[in-house]
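J.: For the record, the sequence lines run as chains A and B. Per numbering that gives the first Met the number 0: the first sequence = residues 0 to 304. Per numbering that gives the first Met the number 0: the second sequence = residues 0 to 304.
No wet-lab data here; the hints were simulated from the structure. Careful: at least some of the hints might be erroneous.
For chains that are exact copies, the list does not tell them apart, and a pair is met inside one copy or across any two.
Stated by the list, open to error - Each computed EDC-like pair below joins lysine to aspartate or glutamate, with the alpha-carbon atoms no more than 20 Å apart:
#1 LYS291 with ASP253
#2 LYS291 with GLU214
#3 LYS272 with GLU54
#4 LYS295 with ASP253
#5 LYS291 with GLU303
#6 LYS295 with ASP213
#7 LYS152 with GLU191
#8 LYS291 with ASP212
#9 LYS19 with GLU106
#10 LYS113 with GLU138
#11 LYS291 with ASP213
#12 LYS195 with GLU224
#13 LYS295 with ASP212
Chain by chain, the residues run as shown.
Protein chains: 2
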Amino acid sequence: MSLLVVGSVAFDNVETPFGKVERALGGSALYFSASASYFTQVNLVAVVGDDFPEEATDFLRSRNVDLEGLRRTEGETFCWKGRYGFDLNEAVTLDTQLNVFGDFHPELPAEYRKSSHVFLANIDPELQLEVLRQVENPEFVALDTMNFWIESKREALVRVLAEVDMVLINETEARQLAGNPNIVQAANTVLEMGPKYVVIKRGEYGALLFSRDDEPFFAPAYPLESVFDPTGAGDTFAGGVLGYLSNHGEVNADNLRQAMILGGVMASFCVQKFSFNNLRTLEDGEIAERFKRFAKLVHFNGLES
Amino acid sequence: MSLLVVGSVAFDNVETPFGKVERALGGSALYFSASASYFTQVNLVAVVGDDFPEEATDFLRSRNVDLEGLRRTEGETFCWKGRYGFDLNEAVTLDTQLNVFGDFHPELPAEYRKSSHVFLANIDPELQLEVLRQVENPEFVALDTMNFWIESKREALVRVLAEVDMVLINETEARQLAGNPNIVQAANTVLEMGPKYVVIKRGEYGALLFSRDDEPFFAPAYPLESVFDPTGAGDTFAGGVLGYLSNHGEVNADNLRQAMILGGVMASFCVQKFSFNNLRTLEDGEIAERFKRFAKLVHFNGLES
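With the rest of the complex left out, here is chain A (with noise of 0.2 Å):
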């Protein structure tokens, strides 16, 4: 089994109300692939400039990203530039660099081509057509997109949507799509789009999961003391998703409930130190050990008959 991903790569400078940090690693491919790193190997697609430092891909490497998909261009990496307030949820964009990122067109080495799992991370749904089409026969593929594609290029996003298992898509997002305020009806209208799976992300509410033969799960963010930098979160969570699947088989309700949790445990790591810097060294451990404390927040006995 392995995992592809196609996205981002950048430079993050994060303003929130704790601090902040210019040149930050980040992008949507890095966030994934260091959280998925934890479950699968992973294989990388994405575009930087001559200025992106060694030891980012040094990082990589160690955690058995595959980085043959990674290609090097003359210019700069991509910049995004954002402030938060104390309302963690959501992010103002300040600044968009997208330098080389302009021009990326993805093409996977042969090898990805084979990949058993497929992450689009939220570019272009053009882009994301133009994956797909290079993937030879992949179980099981996922998708992010935003407001933007949802705006400027809903009909190849519609396309792409047919083509997908799982789409993971903001709350405020998922409403836009669907053109419907309530969340239940914009999932089943997504869901009537071609997907199997809608997981709505809602930030420090954590996220639902609906799908077309299952009643939802609710998998929980963990309240937590100090939430320092949320840029990355949605892709992290979606790195624990996608990374616990393809290392388990069959989808079915059991993994992709225990999958969503997983994803929510990555999150909460990420979110506590600025970048991904808080992913870098986890060991399984601390890992099953906060899974263990997402159980505990959500348990209760059932009732006497």
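For chain A, the structure is supplied; the task is to place chain B on it using the hints.
T.: Only chain B this time, still in chain A's reference frame:
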């Protein structure tokens, strides 16, 4: 065991994107009583005007709510007018007519002074203190409050907080009360003010229980396909929590968690119709069935070690 509630009984004029209703029965004490009546015997203390309909008192009596403490006086009943947008989490208050509620000073009938459990609904904290002075030896006291009292009657609020076992409070108001944007830190600050338990209400995102000596517990809200009117959901939630506790002896981690889920169960019924109409004719079986759906909503298996 009996459960005393002191709060408002009102007429509500409510507009939501799904319809509107005029002079619907409402008020914190009414929602609370209707909900708690499914679990225990309720003693209601409130005031209404001479315009208050017999139909309502007949209904409460039919639910075994004791009305000796419901004073009927000359004038009009408290009237609230509010509107919800598509974000049903927050009401805009359009008008508040205190009417007979303006001169309310709760007087407890002799029998009520022996109540084992007490809920001080969201009223002036000085009135909450007046009530506490009249109760003889309660086993468990909970209160609700709001931004208005946090701003205008902070000193009295701090005094009453020091005397209660549990506070139930909206997320935004918990942050305001504690002066801290992080919800875990805010809950800990409120715990230091006196109560053993702090319940943070998060609307459609559920509720968190913090306590001095246990890890946090998260009670989800059920994702509903139709939410008609969120008015009273918080008081209905509190009615489930306190109703269950007052009927189950010693307060411990297990029955607190079950009580939180039952609060969510009752709130989920409440929001499906205008006013508390959906709390009029529930069967015990419906409550038990929805409790099981809540259990399924958050169920997942442990990881193989």
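J.: Pop the pair LYS295 and ASP253 into one bin, within, between, both or neither, using alpha-carbon distances up to 20 Å.
T.: The answer is both: 18 Å in one copy and 12 Å across copies each meet 20 Å.
J.: As a check of your reading, is LYS195 near GLU224 (CA-CA no more than 20 Å) within one copy, between copies, both or neither?
T.: Classified as between: cross-chain Cα gap 19 Å, same-chain 35 Å, threshold 20 Å.
J.: If the cut is 20 Å between Cα atoms, do LYS19 and GLU106 qualify within a copy, between copies, both or neither?
T.: Answer is neither; intra-copy 35 Å and inter-copy 55 Å both fail.
J.: Pop the pair LYS295 and ASP212 into one bin, within, between, both or neither, using alpha-carbon distances up to 20 Å.
T.: Between. Shortest inter-copy distance 14 Å satisfies the 20 Å Cα cut-off; intra-copy 27 Å does not.
J.: With 20 Å as the alpha-carbon cut-off, assign the pair LYS291 and ASP253 to within, between, both or neither.
T.: both (16 Å within a copy, 17 Å between copies)
J.: Between copies, within a copy, both or neither: which fits LYS295 and ASP213 at Cα up to 20 Å?
T.: between (23 Å within a copy, 10 Å between copies)
J.: Is it within, between, both, or neither for LYS113 and GLU138, if the alpha carbons may be no more than 20 Å apart?
T.: This pair counts as within: shortest intra-copy Cα distance 10 Å, inter-copy 65 Å.
J.: Within a copy, between copies, both or neither: where do LYS291 and GLU303 come within 20 Å Cα-Cα?
T.: between (25 Å within a copy, 12 Å between copies)
J.: At most 20 Å between C-alpha atoms: does LYS291 with ASP212 qualify within a copy, between copies, both, or neither?
T.: Cα proximity of LYS291 and ASP212: across copies only (18 Å, versus 27 Å in one copy).
J.: Cα distance capped at 20 Å. Does LYS291 pair with GLU214 within a copy, between copies, both, or neither?
T.: Classified as between: cross-chain Cα gap 12 Å, same-chain 23 Å, threshold 20 Å.
J.: Up to 20 Å between alpha-carbons, please classify LYS291 paired with ASP213: within, between, both or neither.
T.: between (24 Å within a copy, 15 Å between copies)
J.: How would you classify LYS272 and GLU54 at a CA-CA limit of 20 Å: within, between, both, or neither?
T.: For LYS272 and GLU54, the Cα distance is within 20 Å only inside one copy (18 Å; across copies 58 Å).
Checked against the numbered hints given earlier, this structure breaks only hint 9.
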